[in-house]
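Undergrad: Based on the sequences and whatever the hints tell you, model everything.
Residue numbers (the working numbering), protein chains in the order written: chain R, 4 to 332; chain W, 49 to 259.
It should be emphasised that the hints constitute simulated quantities derived from the structure, not laboratory data.
These figures come from a predicted structure and were not determined experimentally.
Mixed in with the good hints there might be a few duds.
[To be verified] Within a straight-line C-alpha distance of at most 30 Å, the following computed DSBU-like cross-link-like pairs (lysine-lysine) qualify:
no.: 1; chain 1: R; residue 1: K206; chain 2: W; residue 2: K53
no.: 2; chain 1: W; residue 1: K234; chain 2: W; residue 2: K208
no.: 3; chain 1: W; residue 1: K208; chain 2: R; residue 2: K57
no.: 4; chain 1: R; residue 1: K181; chain 2: R; residue 2: K88
no.: 5; chain 1: W; residue 1: K138; chain 2: R; residue 2: K57
no.: 6; chain 1: R; residue 1: K5; chain 2: W; residue 2: K234
no.: 7; chain 1: W; residue 1: K208; chain 2: R; residue 2: K310
no.: 8; chain 1: R; residue 1: K206; chain 2: W; residue 2: K84
no.: 9; chain 1: R; residue 1: K310; chain 2: W; residue 2: K84
no.: 10; chain 1: W; residue 1: K53; chain 2: R; residue 2: K43
no.: 11; chain 1: R; residue 1: K66; chain 2: R; residue 2: K88
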Amino acid sequence: MKKVSIYRPTTVDEAMQILTEHGTQASVYAGGTDLLIRLKNRLEQAPSFLVDIKKIDHLRYIKEDAQGGVEIGAATKISELAESKLLAEKYPMLVEAVNKISSPELRNASTIAGDLLQEVWCQYLRGGYSCWRNGGYLCYGAIGDNSYYHSAMGGRLCYAVYPGDAATALIPYDARAKLATPQGEKELLIEQLVPGDMQVDGKIQSHVVRHNEILTSVVIPPPRPAFKASFEKLRPRGVWDFAMASCAMGLELNGKTIEDARVVFGGISGKPYRETVVEAFLKGKTLNDDLGEQAVAIALANAAPLKYNATKIDMAKGLLASGIARLSA
Amino acid sequence: MQNIKALLLEPVGCLAEFPSAPFHEIAVRFFGRKGKASPSASRTYWHLLNLMEAAPLDAEQRAIAETMELEAVAQATLYEDVCPMLGELKSMGVSVSIATSLSRAAVREFINRNSLGDLLMGTCSRDDVGGVKSAPLVHALGSNPPEQAIFLADTVEGIKAARTAGVLPILMMNDPDEAQRLETHKPAGGVVSLHEIPDFIRLVAAQNQRG
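TA: Quick look at the structure:
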């Protein structure tokens, strides 16, 4: 394991100060299910200074806000989301999705912020190859085995897929992330938080959080009365694995008429991929069984699969059809 | 890697899809090459350059070869990401030059046909330097330090030419199987498409700024 120094601040401001002091050599440490593996594998990109935020109060909670929405503290465990009655009542699709994240053991350790901001799981990066995210200047996934962990929707230097499920499931709810920054608090939509393959502080990463910023909470707006949502995920095994493809869908209905739609694919792109073409197609349509076939026909038209991963697009389209079928039942 | 200030480009294979037949025909006619043309124009071209380097053509042969190269240029199809990339690099202040082992007439025709003149800082052909492979690269560098220049390559010979000139070979990885084979020759980096080059240069600059 790479040698590290660990700080244990007790406030967010103190944590930001330490992060600022050590620049990109430092990283926030909470659940550790991603970070500790990168350290164990001695990745060049792994930090040398860990800022353990577990001692900071008020980062681990799920609470209803005054408007009827819900705020989730950054250090809240995925298992706590999975078992939350409040979330199950207000956002059942989110609970379904987080129950499909990894294994029960890992859900007990990993946090919502960690899931949102996790590093990609490309086997070349994790195997210590000198790729774009690990001190090198080449994407091995683009030319090697790209059947699982790589984008079928094109890329920008790095072709790894964004691996998180929580972001994919939060986007249909128009959820936002709150960040503490040295300049004050800022709020971003989840899709703005993880736009994929960004150059931030001289590094390629899936999210826009700078080295001295801390994600403090996720805020989900109040549930809309006629909103129906579904989450589908395909993975090689029933537990543990990341998505080969996933699809989160949210439909706002007026009777059987779709007033508004959100369609987000996971596991196929460098970001949770919002399919706005299908969203526009669904608006104004009557929700029925035939709609799935029509939506599939126009979905993911700009796919750009690599040599071995065209099947991800077929899987994603299948999930779209089954999601619509589920919601129309 | 130091900040990148210059990009050197060989049109064959890196900027346009060329036919391999004209290059094969030159090899057959003047060097007695046997067999069928490779489907890869880059491989055929760089193999021809090996032959030309070993036994330079005389004046009459050069004239005939030039005619065949013009034929190849006429059939070449520019990749769609070339002009956007060159425009972006120009706005970033990166010096972009053609450094090619084609004849002067062929490269001029290539630039004119594809309206690339305004996007390039300079051009260097084999006729300008009296040599092929690394010779045009060294000349095209001008005052740019070689360690701050990159050369796009899609063949082993291209990687070697860059190394000989002291510039950084960057692999064009548009054919994954070929790229996997070429990666074993340890290029300094690789891109899947030309639109990644500006991002590449920006990332290196940001890394150096970070320290």
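Undergrad: Each hint: holds or not?
TA: Consistency of the hints with the structure:
{"no.": "1", "hint": "R/K206 with W/K53", "result": "holds (20 Å)"}
{"no.": "2", "hint": "W/K234 with W/K208", "result": "holds (10 Å)"}
{"no.": "3", "hint": "W/K208 with R/K57", "result": "violated (52 Å)"}
{"no.": "4", "hint": "R/K181 with R/K88", "result": "holds (23 Å)"}
{"no.": "5", "hint": "W/K138 with R/K57", "result": "violated (48 Å)"}
{"no.": "6", "hint": "R/K5 with W/K234", "result": "holds (26 Å)"}
{"no.": "7", "hint": "W/K208 with R/K310", "result": "holds (27 Å)"}
{"no.": "8", "hint": "R/K206 with W/K84", "result": "violated (46 Å)"}
{"no.": "9", "hint": "R/K310 with W/K84", "result": "holds (27 Å)"}
{"no.": "10", "hint": "W/K53 with R/K43", "result": "violated (37 Å)"}
{"no.": "11", "hint": "R/K66 with R/K88", "result": "holds (11 Å)"}
The structure does not agree with the numbered hints 3, 5, 8, 10 stated previously, though it agrees with the rest.
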